[in-house]
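Build the full structure now, drawing on both the sequences and the hints.
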Amino acid sequence: MGTDRQPESLAEAFAQVPRELFLPEDERRFASSNVALQIGDGQMHSQPSTVADMLKLLGPRPGDRVLDLGSGSGWTSALLGVLVGPRGRVTGVERHRQLIERARASLGHGHSGAGRDAACRGHRIR
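Counting from 1, position 85 in the sequence shown corresponds to residue 85 in full-length UniProt numbering; the numbering is continuous, with no gaps.
Worth flagging that the hints you see were computed from the coordinates, not collected in a lab.
Source: prediction; values computed, not measured.
Watch out, some of these pointers could steer you wrong.
To be verified - Using 25 Å as the maximum straight-line C-alpha spacing, the simulated SDA-like pairs for lysine to any residue come out as follows: (1) Lys56 x Val93; (2) Lys56 x Phe30; (3) Lys56 x Phe14; (4) Lys56 x Arg87; (5) Lys56 x Ala11; (6) Lys56 x Ser9; (7) Lys56 x Ala13; (8) Lys56 x Val66; (9) Lys56 x Glu20; (10) Lys56 x Pro86; (11) Lys56 x Leu21; (12) Lys56 x Glu12; (13) Lys56 x Gln16; (14) Lys56 x Pro18; (15) Lys56 x Ala15; (16) Lys56 x Ser32; (17) Lys56 x Ser46; (18) Lys56 x Leu37; (19) Lys56 x Thr91; (20) Lys56 x Gly88; (21) Lys56 x Met44; (22) Lys56 x Asn34; (23) Lys56 x Asp68; (24) Lys56 x Leu10; (25) Lys56 x Gln38.
Here's what the structure looks like:
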């Protein structure tokens, strides 16, 4: 799948952005579980069903600009980036330095074989 193509469904966006890339190593074994997980600094990584419901209600479209306040691990920002596509923009804002650094590293890994530029295009974690 090319990174410039808009996903056909929310499920496709979830498939492109593996949750485990955004979790601390000791929590990765639970990545496929529909539970909230600790990500550090007393913060939680929302369970996938909650994130899916939130994204359905938000209804991001290609080209949208989205501000993700309290972006935590960067996972929701990455999902939003897939949904808004290459002409959209997602800005994640997080106050915990440890989470900012982890989000930057996770976004830099790429997903579905995409390189760093594809994973980070349109994402800024501040």
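For each hint, the structure was consulted:
Only pairs whose Cα atoms come within 25 Å are accepted, and Lys56 paired with Val93 is accepted, the gap being roughly 21 Å. As the CA atoms of Lys56 and Phe30 are separated by approximately 23 Å, the hinted pair is consistent with the 25 Å bound. This hinted pair checks out: Lys56 and Phe14 have alpha carbons roughly 12 Å apart, not beyond 25 Å. Between Lys56 and Arg87 the CA atoms are separated by roughly 20 Å; this keeps the pair inside 25 Å, and the hint holds.
The suggested pairing of Lys56 with Ala11 holds, with an alpha-carbon distance near 11 Å, which does not exceed 25 Å. For the given pair, Lys56 sits about 10 Å from Ser9 by alpha-carbon distance, which is consistent with the 25 Å threshold. A distance of roughly 12 Å separates the Cα atoms of Lys56 and Ala13; the hinted pair therefore holds under the 25 Å criterion. Between Lys56 and Val66, the direct Cα distance comes to roughly 14 Å. Compliance with the 25 Å bound is thereby established for this hinted pair.
Between the alpha carbons of Lys56 and Glu20 the distance comes to roughly 22 Å, so the proposed pair stays at or under 25 Å and holds. For a cut-off of 25 Å, the pair hint linking Lys56 to Pro86 stands: about 20 Å separates their Cα positions. For the hint pairing Lys56 with Leu21, the CA-to-CA distance comes to about 22 Å; that is within 25 Å, so the pair holds. Proximity of Lys56 to Glu12 is assessed by CA-CA distance (about 13 Å); at most 25 Å being required, the pair is judged to hold.
For the hint linking Lys56 to Gln16, the alpha-carbon distance of about 17 Å falls within 25 Å, and the restraint holds. Restraint check for Lys56 and Pro18: the C-alpha separation of about 18 Å stays at or below 25 Å, so the hint holds. Between Lys56 and Ala15 the alpha-carbon distance is near 16 Å, which keeps this suggested pair within the 25 Å criterion. Our distance criterion of 25 Å between C-alpha atoms is met by Lys56 and Ser32, whose separation comes to about 20 Å.
Restraint check for Lys56 and Ser46: the C-alpha separation of about 15 Å stays at or below 25 Å, so the hint holds. Note on Lys56 and Leu37: the hinted pairing holds, with a Cα-Cα distance of about 21 Å set against a maximum of 25 Å. For the hint pairing Lys56 with Thr91, the CA-to-CA distance comes to about 19 Å; that is within 25 Å, so the pair holds. About 17 Å separates the Cα atoms of Lys56 and Gly88, which keeps this hinted pair within 25 Å; it holds.
For the hint pairing Lys56 with Met44, the CA-to-CA distance comes to about 21 Å; that is within 25 Å, so the pair holds. The suggested pairing of Lys56 with Asn34 holds, with an alpha-carbon distance near 17 Å, which does not exceed 25 Å. The straight-line distance between the Cα atoms of Lys56 and Asp68 is roughly 15 Å, inside the 25 Å bound, and the hint therefore holds. With a C-alpha separation of about 8 Å, the suggested pairing of Lys56 with Leu10 holds against the 25 Å cut-off.
Distance hint between Lys56 and Gln38 is fulfilled; the C-alpha atoms sit about 24 Å from each other, no more than 25 Å.
Hint compliance for this structure: every hint is met.
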